[in-house]
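Asker: Could you build the full structure based on these sequences and the hints that come with them?
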Amino acid sequence: MVHPACPNILSQTPHVRRSGFPRRGAGQSGLSLVELMVAMVIGLILVGGAIQIFLGTSQTYRLTESLSRMQEDGRFALDQLNHDLRHVGFRGGCQGEIQNLLDEDDSKYDASFFDLDDAIEGWNGVKGKAPDDYVAGTDVFVIKHAANITGLAASGNTGQNSANINLQNKNSGVPQGTIVVVGDAESCDMFQNTANENAGNLNRGAGGAGISPGNKKGNQEFSKAYSGDLNIFTITSHLYYIGTQNGQRALRRVSYDRGFTVTPPNDEIILGVWDMQITYLLRNGTEYVDADAVGNNWRDVIAVRVSLLLHSEHNNLADAPMVLPYNGAAFTAPDRRLYQVFTTTVALRNRLP
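Just so we're aligned, residue 1 is where the sequence shown starts under the working numbering, counting upward by one.
Wrong hints could be hidden among the right ones.
Said to hold, decoys possible - The calculated DSS-like cross-link candidates involving lysine-lysine, where the alpha carbons are at most 25 Å apart (straight line), are: (1) Lys217 / Lys127; (2) Lys129 / Lys224; (3) Lys217 / Lys108; (4) Lys108 / Lys129; (5) Lys127 / Lys108.
Honestly, the hints are just simulated from the structure, not real lab data. Since the model is a prediction, treat every value here as computed from it, not as a measurement.
Answerer: Shown next, in the form of structure tokens:
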């Protein structure tokens, strides 16, 4: 029963029609196919741009790194060559001829490696005296000079017939087989040390097995008797050439400082040197010429110009094979590495007036 003061609420509520369809204006969930495809395209564009930036940055880094390393290698190679060339012909204070006491009849004796009077010699585009890994068409040259020995001094006088030069040092530090030159302002003699490195003297005996080229047999005298202020120097003999190892070209140096007592060390100076070309200036000459034009006038060479062609370690850095001037012609690279020319000109100061 309904209280008369209270209206019938149920009777006043309008009828609501119920249906199985959603009400108009209800929210949707998820993406349509078109929206999904647009989002994917935008994502691909962004990812592609990021990849392009990464590849460009990586290529720029490789290019910059290769250029820097190539320039560093080029400077180092020229420094090594400059050092040796500046000392060409240094004789340790010897003013006259150096008496050669080495055994010139030995099968391994070669004046190109041991004659200080011809302190430089080269070969134009041919192997010359280079090892078998020589790269055809590149130049080869050999230099010789005396080198100081710090703290090595003779003890007492040295007789003209003496086989030993006694030293103030208990241990000479001069390895057996080392080529040495001794003398003063008047006379000089060159021989191969046959004493052990820990001996207190230098010995110029004929030597035993393994000493090569060794010294002359018989009673071969020094050029004079020396006083205690005898100068003692070792001989530096280096051959430079372009060789290959594991298919890669490099500037290499063979050292004949100990003759052939040991296998002459063959050291890699710089990897990635494609070519080396050398020209020479003769006394009274007006232009630089190659080794063929020098002929037998090596004692008249007063300056040397060395030109190295280096390439980068990595390939595919250039858009196309590089073309650049080298040795008076246009050089076309065989690949897409970077190539650069490094040139130095060195006056042989021991031959200048």
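Asker: Against the earlier hints, flag every one the structure doesn't satisfy and list their numbers going up.
Answerer: 1 and 2
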